[in-house]
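Student: Chain residues, written in single-letter form:
4 protein chains.
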Amino acid sequence: MSSEFGRLLRISVFGQSHGRAIGVVVDGLPAGEEIDLEELQRFLDRRRPGNSPLSTARRETDVPEFLSGLEGGRTCGAPLCAVIRNADQRSRDYGELADRPRPGHADYAAWVKWKGFADMRGGGHFSGRLTAPLCVAGGIARQILARRGIFVGAHLDSVGGVSDRPFPLWPTAELFEEIAAKPFPVLDDRAGERMREAILAAKEDLDSVGGVIECAAVGLPAGLGEPMFEGVENRLAAALFGIPAVKGVEFGEGFRAAGLRGSENNDPFTVEDGRVRTESNRAGGVLGGITTGMPITMRAAVKPTPSIGKPQKTVSLSAMENAELAIRGRHDPCVAHRAVPVVEAVAAAVLLDMLLEGNHGTF
Amino acid sequence: MSSEFGRLLRISVFGQSHGRAIGVVVDGLPAGEEIDLEELQRFLDRRRPGNSPLSTARRETDVPEFLSGLEGGRTCGAPLCAVIRNADQRSRDYGELADRPRPGHADYAAWVKWKGFADMRGGGHFSGRLTAPLCVAGGIARQILARRGIFVGAHLDSVGGVSDRPFPLWPTAELFEEIAAKPFPVLDDRAGERMREAILAAKEDLDSVGGVIECAAVGLPAGLGEPMFEGVENRLAAALFGIPAVKGVEFGEGFRAAGLRGSENNDPFTVEDGRVRTESNRAGGVLGGITTGMPITMRAAVKPTPSIGKPQKTVSLSAMENAELAIRGRHDPCVAHRAVPVVEAVAAAVLLDMLLEGNHGTF
Amino acid sequence: MSSEFGRLLRISVFGQSHGRAIGVVVDGLPAGEEIDLEELQRFLDRRRPGNSPLSTARRETDVPEFLSGLEGGRTCGAPLCAVIRNADQRSRDYGELADRPRPGHADYAAWVKWKGFADMRGGGHFSGRLTAPLCVAGGIARQILARRGIFVGAHLDSVGGVSDRPFPLWPTAELFEEIAAKPFPVLDDRAGERMREAILAAKEDLDSVGGVIECAAVGLPAGLGEPMFEGVENRLAAALFGIPAVKGVEFGEGFRAAGLRGSENNDPFTVEDGRVRTESNRAGGVLGGITTGMPITMRAAVKPTPSIGKPQKTVSLSAMENAELAIRGRHDPCVAHRAVPVVEAVAAAVLLDMLLEGNHGTF
Amino acid sequence: MSSEFGRLLRISVFGQSHGRAIGVVVDGLPAGEEIDLEELQRFLDRRRPGNSPLSTARRETDVPEFLSGLEGGRTCGAPLCAVIRNADQRSRDYGELADRPRPGHADYAAWVKWKGFADMRGGGHFSGRLTAPLCVAGGIARQILARRGIFVGAHLDSVGGVSDRPFPLWPTAELFEEIAAKPFPVLDDRAGERMREAILAAKEDLDSVGGVIECAAVGLPAGLGEPMFEGVENRLAAALFGIPAVKGVEFGEGFRAAGLRGSENNDPFTVEDGRVRTESNRAGGVLGGITTGMPITMRAAVKPTPSIGKPQKTVSLSAMENAELAIRGRHDPCVAHRAVPVVEAVAAAVLLDMLLEGNHGTF
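Protein chains in written order, with my numbering: chain G, 1 to 363; chain S, 364 to 726; chain L, 727 to 1089; chain B, 1090 to 1452.
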């Protein structure tokens, strides 16, 4: 098994980039939850390659068909299956790619693992396209959470060396919606403008750029998560690394905390309106793997798209000799901005799963 | 459940810092493996607080007793249980700590989760002391891997703003042993000297520092790991976040990759001695969640020890009002150097677990 | 989560009886396995309600569409998703059933669990119809096992008080095929004839009958399975109880063993052609949860179909008062004979999963 | 992994019959639960071999030491570890047994699995002795359940062809206590007397007998359990087959249901005091894998003790030729009566685990 995560809420993603369909089974959704399909579609559209020059030219409408689990607009307790048919698969020859693994892609690893039987057309099951069904699952989780006052949002923290402002100490649902409504998901639009320029400059150079995504979740109760290996951080990280191209995950100050002193990094406790808060949130809302009631904050590093037009060194697997490769065709000069809702989706799914477990710290 | 990880190899850690004993059950070890208990003890000693001023003054011999699973010096297939008795628990009053949660510690989160029933003496189950049994499990895994030519090693990448050299492209078992034999686990001893100075300076200021640990694993076959959510990165990250104080995990270039261009980050494939290699290893040996056969490299960010002597703001949970706290007694001005073998232990355990699954990519 | 089983091979079933489609995701299949779709269809047809008076009149062609995981007739390593569209859902009113739970059905339990939001039309997700995708998964597993000389077969052990002969000590692939080719899956056709009479007699009486299914697996190596809770019996039983209407599972002599003496129940070891065998197989090929190399034998008890035409006592959930119910429409007077391939499917899936793990007893 | 079960409540059993100690880690217990250690000891004593001629002469006090998780008589949220030192291991030679596998025992399967490295002295990790730590875990679960009005009890349903009365439709906590207080756990003491005679007769003949255990759980809410593979039956069965010597598990009428007609087996619903009940309980309190609110009833078949004094046929593994074996020393002529509290323990642990998950059918 591989393409699944979750404990009480199991999310199982299937499909290959150029196969018949991609989709997801979500098992364990609570029953009776109304799903707003228009809102879900808007969420899906945030990751869809648009008409923008920032994205691949592949055209997909990405409208899911619900085969089960959703009746009369409500979840019914049975596993939900959503399917998205693949429309725009170009039938060009993948022969070369099959023999010449693309640097930075899973091609070679998959070729070894599956002894040449992998369907690697368009990246196969490793394609970023698989994040569409992930967004179906996460978009549903997000709606269920929002109904309970729990909101998950994200923005581009940096792209190509340009940085956005960080989230404020207490991000709000309104802020999340505001970012989601923007064509480019940043807090500071001028930073966004420079990020876009960096992406287009890379594109011009037949190259690509990566980025960092900051995600936050507000409204969670304190006491969620288990010590050591089933904490909030463990489970979020395990799932976030499932998003193609993510190579790093950190919570709160993360790697920056390693350079601070304890007196700089510890968040002082304080009482506000009769509730325990911390004055800062360098812990990212998690201590000992357990939520403190402060917003959860995390950052995911997205590597630059490995598919680039520039000629690259590779090997011919059949001849076992060095070779060259110039990837033609459609590809994103950056996927980090499209990955913003994907990070939200994965975070929402993990957090709903943890909430469904309830706080069995006491009985 | 919480304090367990692994699939075929399950590692379950138990104990509280000031309880009777701490320990670990390792279920799923292959039978017939000779365990060198002296070598294991040397491994455990690397994380033990020593006579050094860099560490806590708590004295523990940390010699495990094996209750099961090990007969005549060999694993016998049955679950292995190792227990370490707690010796040096000071019987001083923890009353203040119970009411005044230490900033940066799990005290408050645990208090909410377990409604005041948690045993938080010395950090309880959240204590760094729990990494001793983790090292028993990982130290055993490390020996089993080494016998198959797979070696796991780590060093301090940075502490308090001072950086060590990174691992070379192909770290060796000899290099790992060399670092392990040093009193301070770095490649560049002059950098190590400055790190120690940074730790002592923080100590002088009744403060603490954090650090980053780089870990590498060599000798693994290509094709290990599953796509999406059961990849090498997902599983290593999920386990590494189980080490107290870890707030970030990255593979290969990690967060730095987000600032590179594709042409800079992609590792060119090449044929060397009839085998496919990459000329660089910015992917950290993992593409699409699956090993490439290159060394796996990862880095874990360790936050500064939250226990510091400086007065800090906190709250009184009984009075629900602001309060002050000055932590007295023994504590480490830095735990990052002691966490180096812990990261090795966790990585070794995860990798052995994955190897036991075999490569069922084909049958 | 609920509708999933397996460890390295995960089988996730979705759909409701009267929803758009039913289906299955099989994650973890080895790559490169050729799947004979005609053979698979023949396997599926064994559980399909036929033209026979022994079965429901519902007509379904039950031809799966493969959305992923199968390319060019071979598994490709990525999760396989198969979907079967529901065709013959009668649009009659289920209002009465929603309010009056059918005795022996999941209606009431599901109503409590999902607070009235469950889709219980035709039994919803609890319907025996969900065994069709289970047979897709198991039918594929069966082909993969057969290629390695491992064969799984089953027959009706008893129905309505009439018993078939048991399997011989060493059932063969040929015997399994012979039974599979029969219109009624028994060893002794005269017993089968009397079983059919019992089913028709029950039907005449607007009633139903149950049955017992015996299943065997041959060709498995010794040493498969783990002690205590991850043994062959634990895992087979956990999955077999997932087949609707199964209320008992036993291995070897099972409940009969409880009435024997040790000297009668122990299987004497003997050497045959240089291999260790047992002269009898009352243990059903499993000792201590681990395979002995003898055939695995198990029996599953299938209760009589709860849907019967006879008037029954029930309650009105809206009025909270006693009520009567006479179930009209199509239903099977017996499902035990149709469940024979389902038991094979589940057993094959579990055993393939265990084989994929390999024997990590030693490394 | 092998010797663990549970989802939110993980129970991990370790130890070998003649090793240093046996024990259990229970991870996920709710915090703040008072554990009555005297009551727990009485529970453990029910499975202990007594002075009775019905049991082995092995003497063990079986008093657990709690290394963690229990502070001041209460659970503290951290994993609980309990250890029982092995006292009465006779140091006689096991050489013969190592070479001549005992019929009906795991010896041969373990020898194959672990290539001769298994510690099979006294059955090693497969010994019935491992049920002592299982009873520690289950005895604690039983106390936690009882505090919430949920009671688990069992009795010997039959031994050596002699049957006890079945449980009444609504067994009570008082009835469970009454049986537990008896020297021989039956409802009908005259049946018990004849069972004892059957055991002694078998002993006289250097032989052994098996038995069936009926277990019931009362007080559970309706709506517990998940459809298909995570139902109450699946999970109870998977755990019950972990008890050494169990070869069959059934719920409600179980195998007998297979011989009934639908009209005989369906339990009519009725309203009693404003609550939905069934007039009979042939379903054993479970429909579609989900509790109905009626008592859960199950039966486990225990095979006759394989260790018998009568000479038996076996093989010499070193010589690969037929051989004879007469097992000397202490062994139980029947283990079914001692397994009664073990079945209670396992059932209680599974049910507490399911209750901790809560009913997340709706949110």
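Since the hints were made in silico from the structure, they are not lab data. Treat each hint with caution, since some may be false.
[What the hints assert, rightly or not] Non-contacting residues of chain S with respect to chain B, defined by C-beta distances greater than 10 Å in every case (computed):
| # | residue |
| --- | --- |
| 1 | Gly382 |
| 2 | Arg437 |
| 3 | Leu532 |
| 4 | Arg640 |
[To be verified] Covered stretches of chain B (chain S as the covering partner; in silico rule of three or more C-beta atoms under 8 Å from a C-beta of chain S):
| # | segment |
| --- | --- |
| 5 | 1113-1121 |
| 6 | 1233-1245 |
| 7 | 1264-1272 |
| 8 | 1293-1306 |
| 9 | 1320-1331 |
Glycine included, each C-beta is placed from N, C-alpha and C at the ideal position.
Student: If a hint holds in the structure, say so; if it does not, say that too.
Tutor: Right, here's what the structure says about each hint:
no.	hint	in the structure
1	Gly382	5 Å, violated
2	Arg437	6 Å, violated
3	Leu532	36 Å, holds
4	Arg640	35 Å, holds
5	1113-1121	holds (count 5)
6	1233-1245	violated (count 0)
7	1264-1272	violated (count 0)
8	1293-1306	violated (count 0)
9	1320-1331	violated (count 0)
The structure fails hints 1, 2, 6, 7, 8, 9 (numbered hints given earlier, in ascending order).
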